[in-house]
Amino acid sequence: MSWVHVSSQSHFPLENLPYGVFSTPGNPNHRIGVAIGDQILDLSKIRSLFDGPALKQNQDVFAASTLNGLMSLPRACWKEARATLSSLLAANNPTIRDNQQLRAEALVPQAEATMHLPANIGDYTDFYSSIDHATNVGIMFRGKENALMPNWKYIPVGYHGRASSVVVSGTPVRRPNGQTRPVDTEPPKFGPCRLMDFELEMAFFVGGPTPGLGDPIKMEEVEDHIFGMVLMNDWSARDIQKWEYVPLGPFLGKNLGTSISAWVVSMEALKPFAVENYKQDPVPFPYLQHKDKYCFDIKLSVGIKPEHGELATVSQSNFKHMYWTMKQQLVHHSVTGCNMSPGDLLASGTISGPEETSFGSMLELSWKGSRTVQLKGGAERKFLQDGDTVVMEGVCEMAGLRLGFGTVEGKLQPAHKLN
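Counting from 1 along the sequence shown, just add 698 to a position and that's the residue number in our numbering.
Be careful, since some hints might not be right.
Listed below are the simulated DSBU-like cross-link pairs for lysine-lysine, each with C-alpha atoms no more than 30 Å apart in a straight line [stated by the list, open to error]:
#1 Lys989 / Lys969
#2 Lys777 / Lys1018
#3 Lys969 / Lys991
#4 Lys777 / Lys991
#5 Lys1080 / Lys1109
#6 Lys887 / Lys1066
#7 Lys977 / Lys842
#8 Lys997 / Lys1066
#9 Lys977 / Lys989
#10 Lys1115 / Lys1080
#11 Lys991 / Lys977
#12 Lys997 / Lys851
#13 Lys1018 / Lys969
#14 Lys989 / Lys851
#15 Lys989 / Lys916
#16 Lys1066 / Lys1003
#17 Lys1018 / Lys851
#18 Lys940 / Lys777
#19 Lys777 / Lys916
#20 Lys1080 / Lys1003
#21 Lys1066 / Lys842
#22 Lys1018 / Lys991
#23 Lys887 / Lys940
#24 Lys997 / Lys842
#25 Lys1066 / Lys940
Derived Cβ-Cβ restraints for the label pairs, each shown as a range [unchecked claim]:
#26 Asp736 / Asn791: 15 to 23 Å
#27 Leu1009 / Pro848: 39 to 47 Å
#28 Met699 / Tyr943: 50 to 58 Å
#29 Asn791 / Leu1009: 35 to 43 Å
#30 Glu1053 / Asn790: 43 to 51 Å
Worth flagging that the hints you see were computed from the coordinates, not collected in a lab.
Backbone N, C-alpha and C define an ideal beta-carbon position, used for all residues, glycine too.
Work the whole structure out from these sequences, hints included.
Pasting the structure below:
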């Protein structure tokens, strides 16, 4: 229990303590905070209290405007920071609780705060690691006999995305203009995307003192380089994507905007929710093998709220459906000696489950536009319409313990009018 009130439905109990970056009307400076209940603990106000052996010489990271400094420290520092915060916020600890001035300065209601990107994202990579999603897309475009490409079960497939268009939850996203080919027998056309989609994803931030160029991250040390996770919506222009992806893959269909949740949940907080890894066949090459559980039971949902309508849940999936683990993704990404940096963002790819109700994109839910997805009040969709707000949520629950990521939300704005 914490001396800060936490409701039974809150995503942010004492067992969670996710990090974020926020500002307030009275103080526009970006600063690091930790969510507890409906409050934010401003770490810049209590940085001197991080006086353990690992953090005493690194208190300046809690006065920074992003999490990159904290992310760059060794994992021992992350664990010590979590232990310190757990102690300071525990019900029986008077350090902040009984210091009225410090308590008033350090606690900020979440309702009064504006959230910002938690880190400066140097590089962003998107994987394609859900076997159900990859199979569904393969069936749509190649048929059941060729659903998965020959390499899919051997390597965590991915592509380098656009870090500059990663935005924090609540940021509107605009429908893009681009080239499409609506009719295969006719020349392409230029104009607004017609097949706008969401992709239900999660992502993790790289951390720790990372190896330099030429030196890979090995499996036995990879856990020291996974800082924490966020929810993600990788907005996708399907018709632009279809026309451009041959022969080099995603480009303009994927760079229009990628939304992430404001709160970064640490891997320590997620440990109780670890489940068996997806059974992989064939067995991966030795450099990709690990026996420990690094798949997590995170219940995910997607809702669509039309401009003048109610929020309707259209998908309920789970992160445990991932075929490739985060450890395998990071090890494979760096096996060439590709250098990673604290704050780099690596995403899962669309997370679909085996049931139709667990598909993680409109492409799958509408099966390439061949059927409609029902919303509330008689509304229906095949793909997203202007004014739609997409809301994704992630929650972990077990034996009375409930923690989550908050939400990642974004409203789709109309395309610019171009010649």
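In this structure, is the beta-carbon distance linking Leu1009 and Pro848 contained in 39 to 47 Å? Because 41 Å falls inside the window, the suggested range holds.
Does the structure keep Lys1066 and Lys940 at a Cα separation of 30 Å or less? Holds: Lys1066 and Lys940 sit about 12 Å apart, inside 30 Å.
Given hint Lys851 paired with Lys997 - CA-CA distance at most 30 Å: holds (25 Å)
30 Å limit on alpha-carbon distance, applied to hinted pair Lys997 and Lys842: holds (28 Å)
Given the hinted pair Lys777 and Lys916, is their alpha-carbon gap at most 30 Å? Answer holds: Lys777 to Lys916 is near 21 Å, not above 30 Å.
Straight-line alpha-carbon gap Lys1066 to Lys842, limit 30 Å: Since the Cα atoms of Lys1066 and Lys842 sit roughly 15 Å apart, the hinted pair holds (cutoff 30 Å).
Range hint 35 to 43 Å (beta carbons of Asn791 and Leu1009) holds or violated: holds (38 Å)
Straight-line alpha-carbon gap Lys989 to Lys969, limit 30 Å: Distance of about 15 Å is within 30 Å: holds.
Decide if the proposed pair is consistent with the structure: Lys777 and Lys1018, CA atoms, cutoff 30 Å inclusive. holds (24 Å)
Do the beta carbons of Met699 and Tyr943 sit within 50 to 58 Å of each other? holds (52 Å)
Quick one, are Lys1018 and Lys991 close enough, alpha carbons at most 30 Å? Holds: Lys1018 and Lys991 sit about 11 Å apart, inside 30 Å.
Does the Cβ pair Asp736, Asn791 satisfy 15 to 23 Å? Since the Cβ atoms of Asp736 and Asn791 sit about 20 Å apart, the hinted range of 15 to 23 Å holds.
The structure fails hint 18 only (numbered hints given earlier).
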